[in-house]
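Protein chains: 2
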Amino acid sequence: MTQNIYDDETFFAGYSQLARSVHGLDGAPEWPVLRAMLPVLSGKHVLDLGCGFGWFCRFAAGEGAASVLGVDVSEKMLERARRETADARITYQRADLERFAPPAGRFDLAYSSLAFHYLADLAGLLGRVHAALKPGGVLVCSVEHPLMTAPARQEWLIDADGRAAWPVNGYLDEGRRVSNWLAEGVVKRHRTLATYLDLMLEAGFAPTKLVEWAPSAEQVVVEPGWAKERERPFFLLMSLQRG
Amino acid sequence: MTQNIYDDETFFAGYSQLARSVHGLDGAPEWPVLRAMLPVLSGKHVLDLGCGFGWFCRFAAGEGAASVLGVDVSEKMLERARRETADARITYQRADLERFAPPAGRFDLAYSSLAFHYLADLAGLLGRVHAALKPGGVLVCSVEHPLMTAPARQEWLIDADGRAAWPVNGYLDEGRRVSNWLAEGVVKRHRTLATYLDLMLEAGFAPTKLVEWAPSAEQVVVEPGWAKERERPFFLLMSLQRG
Chain Z
148 MTQNIYDDET
158 FFAGYSQLAR
168 SVHGLDGAPE
178 WPVLRAMLPV
188 LSGKHVLDLG
198 CGFGWFCRFA
208 AGEGAASVLG
218 VDVSEKMLER
228 ARRETADARI
238 TYQRADLERF
248 APPAGRFDLA
258 YSSLAFHYLA
268 DLAGLLGRVH
278 AALKPGGVLV
288 CSVEHPLMTA
298 PARQEWLIDA
308 DGRAAWPVNG
318 YLDEGRRVSN
328 WLAEGVVKRH
338 RTLATYLDLM
348 LEAGFAPTKL
358 VEWAPSAEQV
368 VVEPGWAKER
378 ERPFFLLMSL
388 QRG
Chain B
148 MTQNIYDDET
158 FFAGYSQLAR
168 SVHGLDGAPE
178 WPVLRAMLPV
188 LSGKHVLDLG
198 CGFGWFCRFA
208 AGEGAASVLG
218 VDVSEKMLER
228 ARRETADARI
238 TYQRADLERF
248 APPAGRFDLA
258 YSSLAFHYLA
268 DLAGLLGRVH
278 AALKPGGVLV
288 CSVEHPLMTA
298 PARQEWLIDA
308 DGRAAWPVNG
318 YLDEGRRVSN
328 WLAEGVVKRH
338 RTLATYLDLM
348 LEAGFAPTKL
358 VEWAPSAEQV
368 VVEPGWAKER
378 ERPFFLLMSL
388 QRG
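Protein chains in written order, with the working numbering: chain Z, 148 to 390; chain B, 148 to 390.
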């Protein structure tokens, strides 16, 4: 089973303070780019893998989705989702994505924001998601960029010109990474970008768009503290079509 | 026109000393992986973009290719190619890839080793290569990995644990990079991995395999000096199918 760090009290308290938890999708700086990668949602059946507080589920329902199934392993997150983002078209279900098997041939869109990098067996989930999509269905997802998950020490260094440099090492060594983000001992899985793409291809998905996301120059004007974040990508956003 | 650095005397002298120039394909450590990405060549019509000394052209002819067209901008390289890798089935042609327009619908395979990162207008070339391939034709290519072309200073740093870290910055800022590799002022073009993939998709190619190449653990046993090179990928290898 995947580590359920979101039900850790310290982690949950910290996570709940993040802009994306307080302000929803508009508090997530990558959202405008991810949103532009989505198909039209009106009348569609939508699956949200790692739905958290249900912000995307509510967005999809607001866009006219016919049904939305939000799945998460965290009881605490689902409790808040059911309280704050309830909608007649949304169903919330607790499940570990490592084993979750959605009904076959049911969905037009599978969506997942920042969940896949927690999974040890991503190939297994992708196979089940492929089966759950209708032919021509779409998968839109985001993960921490492999440049973020790779390093042994996630601390900026300074190059010989005094410029910030992100310290990449261990990139080829995939697997478990333990970080102390919001709580001690958060377990993520590092995969190379090529591996993400290969897993998608092997599951039968054809990539249609890949974005290595960092804050835009415009976002840095509003948040000058983010300037350094443009030196390397932060998230990897992908849209793919079920073959 | 692309900078024709290969005809610079200093560069050419240095390049001619590299293992890949002295020993051909077997001197290129990424060759076994790239080779495994190739389709069967027997009876095929092959285009080599940036053929250099013609090692791959000779390999393709040896594999039974029906015809091989090797194209390069460097007169010095083509001269040696015509002298050392001549074969009745190989034609060598001097052309700048920025403008080269191969005959339409002629080829089964377009191959390019470490040439695309010199081109300012890669989209233009990919469009012409797409047109030059038969339906179902294949493009197999390698470029310097974007992590190699990105940094302002290509010098290893040391992290807080004393471990080598590759200094990534400027990753999102695409365009001209000037390095002093074998000669002063070698001009390359940095593109993100997402941009390489988008350019391929926009030209009508569907990716079938992506490899972020670094020496294998086995290669490091033979060449212990390469150990650090496994901290981050060195080349990006891609195989794609003409849609």
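Think of the hints as simulated: they come from the structure by calculation, not from any bench. One should not assume that every hint holds.
The list makes no distinction among identical chains, and a pair is therefore deemed to hold if it is satisfied within one copy or across any two copies.
Taking lysine-lysine pairs in the DSBU-like style, the calculated list, with each CA pair at most 30 Å apart, reads [stated by the list, open to error]: (1) 281 <-> 356; (2) 356 <-> 223; (3) 375 <-> 223; (4) 335 <-> 223; (5) 375 <-> 281.
* Asked: Against which earlier hints does the structure fall short, listed by number upward?
  -> 2, 3, 5
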